[in-house]
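Between the sequences and the hints, there should be enough to build the whole structure, so can you do that?
Listed here are the chains, written in short residue letters.
There are 2 protein chains.
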Amino acid sequence: MADWYDENFHDKSRFGVKYTSVLFQGRSEFQEITVLETETFGRVLVLDKVFMTSEFDEHFYHEMITHPVLTTAPSIERVLVIGGGDGGTVREVLTYPEVQSVTMVEIDRQVVEVSKRYLSTIGTAWDDPRLQVIFADGIDYAKKAEVEPYDVILLDGCDPVGPAVGLFTESFYRGCARLLKERGVFGLQSESAVFQRDILAQIGQTLAAIFPKVYPYFGPVPIYASGSWSWLYATREVDPLAVNGERAARQEKRCKYYNADIHRAAFVVPNALRKLFDNGRVKSPA
Amino acid sequence: MADWYDENFHDKSRFGVKYTSVLFQGRSEFQEITVLETETFGRVLVLDKVFMTSEFDEHFYHEMITHPVLTTAPSIERVLVIGGGDGGTVREVLTYPEVQSVTMVEIDRQVVEVSKRYLSTIGTAWDDPRLQVIFADGIDYAKKAEVEPYDVILLDGCDPVGPAVGLFTESFYRGCARLLKERGVFGLQSESAVFQRDILAQIGQTLAAIFPKVYPYFGPVPIYASGSWSWLYATREVDPLAVNGERAARQEKRCKYYNADIHRAAFVVPNALRKLFDNGRVKSPA
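If you're matching them up, the sequences are chains A and B in order. Position one of the first sequence corresponds to residue 51 (the working numbering), numbered consecutively onward. Position one of the second sequence corresponds to residue 51 (the working numbering), numbered consecutively onward.
Because the hints were derived from the structure by calculation, they are not lab data. Small disclaimer: the values here were computed from a predicted structure and weren't measured. A couple of the hints might just be wrong.
To be verified - In silico DSS-like cross-links for lysine-lysine, where the CA-CA straight-line distance does not exceed 27 Å:
#, chain 1, residue 1, chain 2, residue 2
1, B, 166, B, 68
2, A, 68, B, 194
3, A, 62, B, 333
4, B, 333, B, 231
5, B, 68, A, 68
6, B, 306, A, 333
7, A, 325, B, 303
8, A, 333, B, 303
9, A, 99, B, 68
10, A, 325, B, 306
11, A, 306, B, 62
12, B, 193, B, 263
13, B, 325, A, 306
14, A, 333, A, 166
15, B, 325, A, 303
16, B, 303, A, 166
17, B, 306, A, 62
18, A, 194, A, 68
19, B, 99, A, 68
20, B, 263, A, 306
21, B, 263, B, 303
22, A, 194, A, 263
23, B, 303, B, 166
24, B, 306, A, 263
25, A, 99, A, 68
26, A, 68, A, 306
27, A, 333, A, 193
28, B, 306, B, 194
29, A, 62, B, 194
30, A, 62, B, 62
31, A, 231, A, 333
32, A, 99, B, 62
33, A, 263, A, 303
Here it is, written out as structure tokens:
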């Protein structure tokens with residue numbers, strides 16, 4: 051018996067999928083976790099009634115949060131992923147043989163457990179010996195962890211509501227900058243560039259107070275509000291368009307969305323957003 | 051009293067907007083016409099329960115069906131628009147001072163009348179003396195009209211269901227080719243590249259039997275299924291990336307989405323679609 055499951059976006063628009071069964075529903079210490087079985091999107095992960103990922107369209111998001119950063123960061127030996135409990139981002143990161151260790155800091159152990167059980171097509175790299183999963187608050191980790199700095203930090207977090215609000219603050223970003231090597235790159239999702247332009251701008255501004263160079267980039271994510279998403283690429287000195295040809299060529303053999311041309315196209319800023327950015331870069335705060 | 055209006059996409063997914071009132075609902079000779087008032091999308095035009103356009107997001111679609119063609123076609127004096135009854139496409143076309151005449155062939159007079167009355171922010175060029183509106187079947191027109199050939203033909207039609215099926219046939223495209231100057235360009239919408247890849251491929255193949263060069267291009271349209279859309283650029287010899295700098299510069303002063311960099315980015319083919327296309331071009335039929 052099929053029925054609709056809708057994500058209600060601020061009570062203004064909604065996106066729904068027809069689901070055939072609820073594979074899991076439960077409440078962790080942090081959030082409500084739901085896994086739906088659908089015909090079109092395959093299995094869908096929902097946290098607090100917001101679609102997080104689906105088997106059908108997860109490649110858009112996971113490839114785009116990963117490869118624009120991993121093909122341009124000068125070194126990619128040590129990678130930190132904050133959030134990303136479904137396992138899709140660390141899977142993409144671990145496709146690079148140059149990556150020697152990935153630390154994933156996820157606050158919600160149950161999201162990982164549910165994902166391992168129900169979303170095994172997404173999290174295919176849990177057993178990679180280079181991966182270490184730490185169940186902890188990413189905000190605390192960024193501020194306090196005494197570890198060697200990372201080449202790359204990817205923030206694969208939720209929308210800025212509830213417990214995830216702290217993931218959008220300057221003090222958290224300063225923690226990330228603290229953990230990042232001088233020539234490192236910090237990449238993060240920054241919401242819909244159509245519906246949440248103000249949030250994108252605000253995150254960009256906050257980052258630009260810390261990193262000399264912050265660039266937005268864009269791509270489709272059908273299951274997210276508006277179907278278009280944005281990410282930010284923050285760095286002290288790396289050029290986000292200087293794609294490592296060898297790394298990109300390897301990804302082009304396996305990716306569904308990403309290739310080196312898509313990489314460059316993703317950094318093009320739509321006309322109405324240009325005033326937020328200066329030559330494709332977030333304007334530094336006055 | 052607000053309620054939801056959903057577009058049900060093949061009973062697999064749906065997209066809904068919260069509407070505050072139904073401004074118009076009626077049945078023409080061809081289809082059911084609805085205009086909703088919404089908070090987020092402004093006024094929304096719905097034909098046969100499928101979202102056609104909205105005040106909030108219409109610029110994505112209308113800019114992208116128009117400017118990639120109009121900034122690259124060598125001559126743009128005579129333009130034919132088939133469909134496009136809301137008036138958004140002819141509005142964009144008429145922003146070019148080089149355009150001397152636009153013929154719009156729309157099958158459904160009532161769509162134009164309803165759009166003039168309720169969507170006046172979209173159709174702002176109805177009174178332009180260069181515009182001639184003909185209420186007729188675009189298929190007949192393409193096959194039989196005895197007119198001077200056009201520099202540009204834009205097909206701004208519905209999905210390939212019901213009366214619009216004929217807009218996706220080889221015989222119709224041959225009619226368009228007949229009406230197109232040797233160095234002309236034919237542009238058309240070609241459905242979602244995420245959900246309807248097979249239709250995009252099929253339209254591309256059909257066109258490639260007639261036009262030596264057929265290129266897909268892509269962009270966001272939040273109100274359409276999947277939020278991502280595709281268009282096809284069909285021509286005998288024109289280079290779709292040879293943007294006329296002067297024309298593009300003028301558009302960059304007024305467009306919300308389009309600019310010359312977006313133009314080039316739009317023609318980049320996502321990795322999984324590359325096998326459908328050869329170096330960004332539809333492969334000619336065997």
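Hints versus structure:
no.	hint	in the structure
1	B:166 to B:68	holds, 23 Å
2	A:68 to B:194	violated, 44 Å
3	A:62 to B:333	violated, 42 Å
4	B:333 to B:231	holds, 23 Å
5	B:68 to A:68	holds, 19 Å
6	B:306 to A:333	holds, 19 Å
7	A:325 to B:303	holds, 12 Å
8	A:333 to B:303	holds, 20 Å
9	A:99 to B:68	holds, 18 Å
10	A:325 to B:306	holds, 11 Å
11	A:306 to B:62	holds, 22 Å
12	B:193 to B:263	holds, 21 Å
13	B:325 to A:306	holds, 11 Å
14	A:333 to A:166	violated, 41 Å
15	B:325 to A:303	holds, 12 Å
16	B:303 to A:166	violated, 50 Å
17	B:306 to A:62	holds, 22 Å
18	A:194 to A:68	violated, 44 Å
19	B:99 to A:68	holds, 18 Å
20	B:263 to A:306	holds, 25 Å
21	B:263 to B:303	violated, 30 Å
22	A:194 to A:263	holds, 24 Å
23	B:303 to B:166	holds, 26 Å
24	B:306 to A:263	holds, 25 Å
25	A:99 to A:68	holds, 15 Å
26	A:68 to A:306	holds, 24 Å
27	A:333 to A:193	holds, 26 Å
28	B:306 to B:194	violated, 37 Å
29	A:62 to B:194	violated, 46 Å
30	A:62 to B:62	holds, 21 Å
31	A:231 to A:333	holds, 23 Å
32	A:99 to B:62	holds, 19 Å
33	A:263 to A:303	violated, 30 Å
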